[in-house]
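Visitor: Spelled out from the first residue to the last, the chains are:
2 protein chains.
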Amino acid sequence: MSSVVETRKTAPKQSPAPTLKDAKEEVPADINIPDNYVSWTLKNQKPLPPITWDNLLQNLQWLTLAILTITPSIAIYGLFTVKMRWETFVWSVVYYFITGLGITAGYHRLWAHRSYNASKPLQYFLAIAGTGAVEGSIKWWCRGHRAHHRYTDTDLDPYNAHRGFWFSHIGWMLLKPRYKPGVADVSDLSKSSVIRWQHRWYVWLIVGMGFVFPTVVAGLLWGDWKGGFFFAGAARLCFVHHSTFCVNSLAHWLGETPFDDKHTPRDHFITALVTVGEGYHNFHHQFPMDYRNAIRWYQYDPTKWFIAVCAQFGLASHLKIFPENEVKKGQLTMQLKKLRETQEDLQWAPNVDDLPVISWESFQEQSIKRPLIVVAGFIHDVSDFLDEHPGGRHLLVKYVGRDATTAFFGGVYDHSNAAHNLLSMKRVGALHGGMQHGLQDKSIPPAQRLRIARY
Amino acid sequence: MSSVVETRKTAPKQSPAPTLKDAKEEVPADINIPDNYVSWTLKNQKPLPPITWDNLLQNLQWLTLAILTITPSIAIYGLFTVKMRWETFVWSVVYYFITGLGITAGYHRLWAHRSYNASKPLQYFLAIAGTGAVEGSIKWWCRGHRAHHRYTDTDLDPYNAHRGFWFSHIGWMLLKPRYKPGVADVSDLSKSSVIRWQHRWYVWLIVGMGFVFPTVVAGLLWGDWKGGFFFAGAARLCFVHHSTFCVNSLAHWLGETPFDDKHTPRDHFITALVTVGEGYHNFHHQFPMDYRNAIRWYQYDPTKWFIAVCAQFGLASHLKIFPENEVKKGQLTMQLKKLRETQEDLQWAPNVDDLPVISWESFQEQSIKRPLIVVAGFIHDVSDFLDEHPGGRHLLVKYVGRDATTAFFGGVYDHSNAAHNLLSMKRVGALHGGMQHGLQDKSIPPAQRLRIARY
Ligand code: HEM
Ligand code: HEM
Ligand SMILES: [Fe+2]
Ligand SMILES: [Fe+2]
Ligand SMILES: [Fe+2]
Ligand SMILES: [Fe+2]
Numbered sequence: 001m002s003s004v005v006e007t008r009k010t011a012p013k014q015s016p017a018p019t020l021k022d023a024k025e026e027v028p029a030d031i032n033i034p035d036n037y038v039s040w041t042l043k044n045q046k047p048l049p050p051i052t053w054d055n056l057l058q059n060l061q062w063l064t065l066a067i068l069t070i071t072p073s074i075a076i077y078g079l080f081t082v083k084m085r086w087e088t089f090v091w092s093v094v095y096y097f098i099t100g101l102g103i104t105a106g107y108h109r110l111w112a113h114r115s116y117n118a119s120k121p122l123q124y125f126l127a128i129a130g131t132g133a134v135e136g137s138i139k140w141w142c143r144g145h146r147a148h149h150r151y152t153d154t155d156l157d158p159y160n161a162h163r164g165f166w167f168s169h170i171g172w173m174l175l176k177p178r179y180k181p182g183v184a185d186v187s188d189l190s191k192s193s194v195i196r197w198q199h200r201w202y203v204w205l206i207v208g209m210g211f212v213f214p215t216v217v218a219g220l221l222w223g224d225w226k227g228g229f230f231f232a233g234a235a236r237l238c239f240v241h242h243s244t245f246c247v248n249s250l251a252h253w254l255g256e257t258p259f260d261d262k263h264t265p266r267d268h269f270i271t272a273l274v275t276v277g278e279g280y281h282n283f284h285h286q287f288p289m290d291y292r293n294a295i296r297w298y299q300y301d302p303t304k305w306f307i308a309v310c311a312q313f314g315l316a317s318h319l320k321i322f323p324e325n326e327v328k329k330g331q332l333t334m335q336l337k338k339l340r341e342t343q344e345d346l347q348w349a350p351n352v353d354d355l356p357v358i359s360w361e362s363f364q365e366q367s368i369k370r371p372l373i374v375v376a377g378f379i380h381d382v383s384d385f386l387d388e389h390p391g392g393r394h395l396l397v398k399y400v401g402r403d404a405t406t407a408f409f410g411g412v413y414d415h416s417n418a419a420h421n422l423l424s425m426k427r428v429g430a431l432h433g434g435m436q437h438g439l440q441d442k443s444i445p446p447a448q449r450l451r452i453a454r455y
Numbered sequence: 456m457s458s459v460v461e462t463r464k465t466a467p468k469q470s471p472a473p474t475l476k477d478a479k480e481e482v483p484a485d486i487n488i489p490d491n492y493v494s495w496t497l498k499n500q501k502p503l504p505p506i507t508w509d510n511l512l513q514n515l516q517w518l519t520l521a522i523l524t525i526t527p528s529i530a531i532y533g534l535f536t537v538k539m540r541w542e543t544f545v546w547s548v549v550y551y552f553i554t555g556l557g558i559t560a561g562y563h564r565l566w567a568h569r570s571y572n573a574s575k576p577l578q579y580f581l582a583i584a585g586t587g588a589v590e591g592s593i594k595w596w597c598r599g600h601r602a603h604h605r606y607t608d609t610d611l612d613p614y615n616a617h618r619g620f621w622f623s624h625i626g627w628m629l630l631k632p633r634y635k636p637g638v639a640d641v642s643d644l645s646k647s648s649v650i651r652w653q654h655r656w657y658v659w660l661i662v663g664m665g666f667v668f669p670t671v672v673a674g675l676l677w678g679d680w681k682g683g684f685f686f687a688g689a690a691r692l693c694f695v696h697h698s699t700f701c702v703n704s705l706a707h708w709l710g711e712t713p714f715d716d717k718h719t720p721r722d723h724f725i726t727a728l729v730t731v732g733e734g735y736h737n738f739h740h741q742f743p744m745d746y747r748n749a750i751r752w753y754q755y756d757p758t759k760w761f762i763a764v765c766a767q768f769g770l771a772s773h774l775k776i777f778p779e780n781e782v783k784k785g786q787l788t789m790q791l792k793k794l795r796e797t798q799e800d801l802q803w804a805p806n807v808d809d810l811p812v813i814s815w816e817s818f819q820e821q822s823i824k825r826p827l828i829v830v831a832g833f834i835h836d837v838s839d840f841l842d843e844h845p846g847g848r849h850l851l852v853k854y855v856g857r858d859a860t861t862a863f864f865g866g867v868y869d870h871s872n873a874a875h876n877l878l879s880m881k882r883v884g885a886l887h888g889g890m891q892h893g894l895q896d897k898s899i900p901p902a903q904r905l906r907i908a909r910y
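Listed in order, the protein sequences are those of chains A and B.
Taking my numbering, I'd label the letters of the first sequence as residues 1 to 455.
Taking my numbering, I'd label the letters of the second sequence as residues 456 to 910.
Honestly, the hints are just simulated from the structure, not real lab data.
Treat the numbers as computed from the prediction; the structure is a model and nothing was measured.
Beta carbons: idealized from backbone N, C-alpha and C, even for Gly.
Some hints could be false.
Said to hold, decoys possible - Between beta-carbon pairs, the in silico distance windows are:
#1 A:P258 <-> B:P778: 27 to 35 Å
#2 B:N780 <-> A:R454: 19 to 27 Å
#3 B:Q516 <-> A:D387: 34 to 42 Å
#4 B:W815 <-> A:Y455: 20 to 28 Å
#5 A:K338 <-> B:E711: 14 to 22 Å
Working from the sequences, and respecting the hints, build out all of it.
Guide: Structure, rendered in structure tokens:
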């Protein structure tokens, strides 16, 4: 902790003068961020003019557009011209998972969120596999993703889900953004030799892992060069692309919000299925540094399983888990929120303060005109219940103008909590001096003993 | 309502002097029941001496024993000697439902609970069908069943589930009871001509509907006299018996208590399946005068469906339903009860009253020794969180000895509710004069805004 003290007593420790590009990148981008950065930026940042048909061509991101249209075109062409061999099919699915894990276990959970530590071999594996998914370098990807978490659902979020399903799925990549994404620090990543290595060889790696490698495996091992290229290369890449994109679109659109409903992220099994386990996105946005997305064993999160297995083999360590206590708090809050709506929609017994206080004499007098019964200090009008009473009309009639507390609470019949609740709805007055000691539990209907209160 | 007034002003209206047996029976059995009847009786009633091997023979109910052993014996003999014909099989199942409904829709929901009104033809149908189930006359059956509801789980309950599964299933019928069942009024039933008619011809009806009728149908229509007797007669009766008995045993033993957990009755689909729909017994004990046992369309309650269809054809009317509002209250209470356990099991932020109040100067001084940060008037020790912070160590370090309220609540990053909850767990002090106006919602962690309180 002593480092903290030092930092405080001296002026904010700035990094040494930026002589090299690398060194400069190692200073946190947000070290001197002002206290009102978000509100100020959201208010004062001038967005670029909106995209219309007229300026569309200037605003297209041609490279992304090319990759995202040519890949599926190649795949479709292959589908119609090359015969699918089962070995190639299996290899395509396997390679889909390998490159998918490169993104989910590597780019996403390891580098963007630092949710565990990976040994060098695992880091190289993930960096190389991730390149095969052709989604940009680790640094570029994490920069955007951290901004997405930091400014979720605002104009500073590059994939802002409020701008619609298709914008968050691919629109944000195909069009030049109107807003600059908010500040997000990736200085920790600049320090990593693996990431620098990937950055440096990125173009070669893409070609190698995206197309050459899957083709060569199928070609050398079972002679299916064409199938390797079209299916394990192009078609597989197309699936990996849209699989990952679904985390920004589908996962902000489909499902439940069991942990918090402040923002758009949602949990859904189907999203998990198509994203190698990234579908419990409501959990993930609440607890982004947790190496899990799914917390139950029966939920589908192969990325989590992969990390756990790596940990078993000593390839990963320090798997982060958000305190269970805080996770449960989120769930509890959401459940209480739902129940509170039920609570508010129900009719409740009139409060003692809203009832007239009536003397015993007046109660006697009034119960000549209508059937009034005293129970636990409250006066009840049972007009509409005489013929409905399961215990029979005669028992109610007998107690008109009298105190039925003992009879009602077990002396004659130990009424159910439901009967007690119903009784409270028939309150028309409070008996003067009628609230005696020891009656508290009888004067509060059972359904009103536990209440959701707001603080 | 005028009748009520009259009843009150004059002495309790007693019925005319009992000249006829019938007239006497029409006075409610509990019209003069004392206010402390239940507690007094439970305390002072002397039970018969416990049953041991020595006095077992004197205490057996031989008639019941005979019926409940001879019927299955006949059925098993038939199973091994008579070939099953599919017409007879179908007829046995149909007759199982007919006689079952006689008990569930007739004996139980119509007469014991008055949960709807039935036209004379329907009453005769139910009385005759119910006799085919050979479970005693309507009056005897309802007398016991009303006592069961009125004194559930006590010594005054003839099938007291606390005495074990087998006692409540058949034990109570096979052995002479140790306790007299509690008072239960069936004077309303004595007035019914249908019930009196059934009572009068009961022995003939049993033989006719229990055995002769199912045999004759199979014999005359497809010539299977033997099968009719053994399967539609004996085997079917055996199933109806244990089906009904399950309402007293299984329904007080298996399942959930979604409406109240004060007593043993439980809801379970399997119980419903084997009892023609009487398996939502937790609901039923809470709302016994409701013609339904299952309140959801997808739950299995053919007895309810039968009554509803009869109502469609004008054969039944005044189907009683307990107010939805009160039903939901019961469910809400049970759900809150569960969530309250969760709430109690969780660790919550220290309360402001339990924290030392610390001046700004002292805060400054102390934060030289350990990393303290002020947020929303509370002082937090973030020692164990510096390297865990997803936003990076540098942002926390920057705010040591400072007020991070604005930065924490959106200025730099709009932290999740989970982060806010976690923050509250790190409270070590309250800043003197630090609770400013407008900070209320920031000083109460989101998970503590909705709380289940007990009144
Ligand atoms: C004044 C308001 C009353 C209300 C709202 C009320 C309500 C109910 C309800 C809902 C039941 C159905 C069973 C249950 O839910 O526990 C019931 C049953 C019964 N009540 Fe009441 N009751 C009232 C007063 C009384 C009084 C004063 C007596 C006795 C002197 C009495 C005696 C009975 C008996 C004996 C039963 C059992 C019926 C059976 O299961 O066969 N009730 N009452
Ligand atoms: C002192 C107690 C603090 C706690 C307990 C805390 C907790 C957290 C948690 C749990 C997250 C994960 C995301 C979320 O749940 O919203 C987070 C993220 C973040 N925090 Fe804090 N924080 C604290 C202070 C601060 C301060 C003072 C700042 C800024 C000056 C800050 C800036 C950030 C940023 C920028 C992120 C986003 C990281 C990302 O998504 O890439 N935090 N914090
Ligand atoms: Fe997201
Ligand atoms: Fe993420
Ligand atoms: Fe029962
Ligand atoms: Fe019942």
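Visitor: Take the C-beta atom of B:W815 and the C-beta atom of A:Y455, compute their distance, and say whether it sits inside 20 to 28 Å.
Guide: holds (27 Å)
Visitor: Taking the CB of A:P258 and the CB of B:P778, does the distance hold inside 27 to 35 Å?
Guide: Roughly 31 Å apart at Cβ, these two residues keep to the hinted range, so it holds.
Visitor: Quick check on a hinted range of 34 to 42 Å for B:Q516 and A:D387, using CB atoms only.
Guide: The hinted range 34 to 42 Å holds for B:Q516 and A:D387, with Cβ atoms some 38 Å apart.
Visitor: Look at the Cβ atoms of B:N780 and A:R454 and judge whether their distance stays inside 19 to 27 Å.
Guide: holds (22 Å)
Visitor: In this structure, is the beta-carbon distance linking A:K338 and B:E711 contained in 14 to 22 Å?
Guide: Check passed, 19 Å falls within 14 to 22 Å.
Violated hints: none; the structure is consistent with every hint.
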